[in-house]
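So the protein lines, in turn, are chains V and G. According to my numbering, the first sequence is numbered sequentially starting from -10. According to my numbering, the second sequence is numbered sequentially starting from 38.
Hints should not be assumed to be uniformly reliable.
As the list claims (entries may be wrong) - Below 20 Å or equal to it, Euclidean Cα-Cα: the simulated SDA-like pairs (lysine to any residue) are:
1) V:Lys233 - G:Leu119
2) G:Lys272 - G:Leu104
3) V:Lys308 - G:Leu104
4) V:Lys233 - G:Leu104
Treat the hints as calculated values from the structure; they're not laboratory data.
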Amino acid sequence: MSSTAVSTPSRFRVPGWVAPTGIALLFVVAYLIFQGTGTLPHNSEAPQFAAVTELREWIDDHRNDNPVFLYFLNYIRIFVEALFSLLQTTLYALGWPGLIGVMGALAWLAGGWRVALGAVAGFCSFGVFGLWQASVDTLALVASAVLLSLVIGIPLGVWAGLSVRVRKLFTPVLDVMQIMPHFAYLAPLALFFHIGAPAGVIATMIYSIPPAIRITALAIQRVSPTAVEASASLGATRAQTLLKVHLPLARSTMALAINQTIMMALSMVVIANLISAPGLGSDIIRGLSRAQVGIMLPAGLAIVVMAVVLDRMMVSVAKRDPRNKIGRSSLVVAAVLAGAGLIAAPLLPREWPANLTINLVSEINDVVLWAETSWFGVTSFIKDTFSNLVLNPLEHLFTSAPWWLVAAAVLVVAWRISGVRPALTALACLLAIALLGTWEHSMRTLTTVAVAVVVTLVIGLLLGVAAARWDTYSAFQRPLLDAAQTMPSFVYLLPALALFGTTRFTAIFASIIFAVPPVVRLVEDGIRTVPATVVEAATSAGSTSGQLLWKVQLPMARRAILLAANQGIVMTLAMVVVGALVGAGALGYDVVLGFSQRTDFGMGFVAGVAMVLLGVMLDRITQGADRRPSPTKGM
Amino acid sequence: MRESPDSGAIGVEGLWKIFGPRAERVLDSDDRFLEPGALREKTGCTPAVRDVSFEVSPGEVFVVMGLSGSGKSTLVRCLTRLIEPTAGRITIGGEDVRAASPARLRELRRHHVSMVFQHFGLLPHRRVIDNVAYGLEIQGTGKAARHARAADILSLVGLDGHADSYPDQLSGGMQQRVGLARALAVEPQVMLFDEPFSALDPLIRRDMQAEVVRLHREVGKTMVFITHDLSEALKLGERIAIMRAGAIVQIGTPEELVGAPADDYVADFVRDVPRSHVLTLRWIARPPEEGEPLDGPALPAVTLIKDAIGAASSSSRPIRVVDGDELVGVVDRVDLLSFLAGQDVSGLDVSGSDASGSDAVATA
Ligand SMILES: Nc1ncnc2c1ncn2[C@@H]1O[C@H](COP(=O)(O)OP(=O)(O)OP(=O)(O)O)[C@@H](O)[C@H]1O
Ligand SMILES: [Mg+2]
């Protein structure tokens, strides 16, 4: 971390900290002089917003006579709608006993009796929570979206895996897609596909397609080149090599791609309720917006259960040794399971029997209320202190600084951390945010993100270092991290909401617990991959373990730590935006408002764009010079 | 152009392969004569094969050797256009390979030429028998027929009883036998080997070399064999080509390479070879001197020098070196001893009487 600014070898060596400090001082002075000038306060009537609202009005009026809609977009919508209703009708037609039997059978084939038992118990729990119908809707939504993602994503992934040129074309697009917060997809889709299930499916599909493409491409790329060459040398056509070599060898990694796609879809499907997609999302969103944990807890649990069941199934498929062909006896068991369910379906009542459900809404609300009131002192103390000492001053700083000063600061910081090109991109994003009329709210969101990221990184570093140093602790922590990473993002809002009610702080708390696990994991892996020989050499030179950490392990894990910071920022941003539902305000709130208030649609839409710009900006600032090879470095 | 290349002859003429974006342009300029390093510096292109020409006659074992990075793998892949050559002419069985359409090229790869790879390239998700039958499967042969054929080949390479194993359940040597079987299963006229045994340990390598020699005797294919191991080259090769930086420096029989290396590079290459194990009496026979007795034991001119030592020590008279009935020359004990001591009688060794000769004897 030496300063590159003062590299001239002069006899009066300027210490490395002088230039950064000088620049920082300069900024402080500029802020003190210009504070309050050049701010761009929020105006919800801004012409930019109005223009988009008008565009929507126009589109709604012409949805059925403009050729682009008539002959293209509407057909897509009709097709997706048909797919969704087909799946939905099929799932309903199975009836609850049938669906449970079929899922049990599939899980049995995928991973044996444990997984099957999990699947049966999991699906029963949907009924027990009294959420059978909503769960089936969600399942149909996820299934449609995942199906579309795979149908489109796997061929694209295979193509990208086979061709370097295509890969180079896709990578930047996928990079941007992966840092877009969920919310950002909603408004444009509502614009083009109207609200409802089809738009929800398409939004979910777009959100979940990057891993399908990326991991498939990776899987294909990793196929042993000698095996491919051997196949070609025997005169195989490209199609033969693809079918007989690439795909079978990529199989288990591709199962992970499918798994990842399902997980992404599950976390999006809830948010899609904002554009009126049916399913569990409606309870969750309702619970969030009324701050009633009792409403959202069962639905949240149902989503988690669904995620866990599907994850177990897909992971078992990925792990299964393809040589153990599914035996006849397994098929018989599966057929019996599925058959039992299907035969039971007409015999048992159509609806999940009411006496088998438990309704805990009011009990949970009571517990939460009790918790809130009895811990009120503690939680409100934490909340208030934090808000007064950290959040408010920082927010004031960001919103009262002139826009050009913020822009200059971003440019300098990004330049220093990541280099010229990323810095220019970051600057461009910031300027676009200003032009869109979302400056003030973006600055507020930025404050929340910044605070959450700092806390996340501190906790993540501590836990990561601890895990890297003590194996027993690491072994204890791993399964927790694994579990945390299968959970759909908004689930983290639940405990936050229960503890802190609806405030900005709630969103911050949720995003911290959401983003900490991957950061911990990256830091731990980064430190652990420091070559053993280097550690040995340092130890034999007499370093204490503290010196070893500070002088060897952390510096050598710098790249992993930068990546962790980047990941933490992207995840925090996504969560802070969702946190709008529990009081985080600013951009996320604008988006939510855009869906509920027709006149504010424009503002919501633009806020979504601003989020993406903010995401790209933060990503560029922290991507570190070496995270992704820049296109110029290749040639 | 002949319709079916049923003879295994290979002809290569002026073959070039330059990796990089503007390969064609480099080839048309004088830059192509630059050394590979300099060329890469100047144009960003890597010349891997540079103006290579050779002929392999049907049934011959032709060995290509050279240091790592000298372009051997690239050369052998160019033969069936697994790597597309930049320029030159390649014929296999009289057919112009570079002019072949994609379909015709596939035909050629399916039926006439097959290849064995250094890292085996087996398909881990298929049983051994399905790996061996892969080439036939690609051709559309029915399952029963291809399995029958694969089973035959498996017993030919000594893998009876392993048909239902998976590749990773076999040792390295056995895996390479599977690779060999897969190449043999399509009944090619030509087999290409790219350092097939360099990933194996020395004992297994020796077994596999013996296996190739045996197979060559039994099935009589044309073989192009890449290696960087000189003893392997000497053991297998009827003729050996030595490559350096993409170009062939010398082509010849083992005897020619050891006895008359074309330049220092080749001489250096063959320096550690025990020359008495490679050279024959023909190399050291000299015309009889006046009055030299000509009633000593007679040995054919193709006798290896090391094998003549016994005869020389059991008789005090010079050995008569004969080719059929004709006397080629004589070799006496002094000749033999001075050859073994590194003082070359016929003066063929360009490196003269440096330490290498005595080294060779010491290792012999
Ligand atoms: N796909 C490629 N793109 C660019 N350069 C290549 C490519 N393949 C090979 N080369 C270069 O061509 C030269 C010859 O490589 P080749 O693999 O033919 O050598 P080799 O003699 O087989 O070496 P080894 O004994 O290590 O296998 C090397 O300099 C290599 O870097
Ligand atoms: Mg090679």
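To see whether the hints hold, each was checked on the structure:
Our distance criterion of 20 Å between C-alpha atoms is met by lysine 233 of chain V and leucine 119 of chain G, whose separation comes to about 18 Å. At roughly 18 Å between alpha-carbon atoms, lysine 272 of chain G and leucine 104 of chain G fall within 20 Å of each other, so this suggested pair holds. The suggested pairing of lysine 308 of chain V with leucine 104 of chain G is violated, with an alpha-carbon distance near 42 Å, which exceeds 20 Å. Only pairs whose Cα atoms come within 20 Å are accepted, and lysine 233 of chain V paired with leucine 104 of chain G is rejected, the gap being roughly 35 Å.
Taken one by one, the earlier hints fail for this structure at numbers 3 and 4, listed in ascending order.
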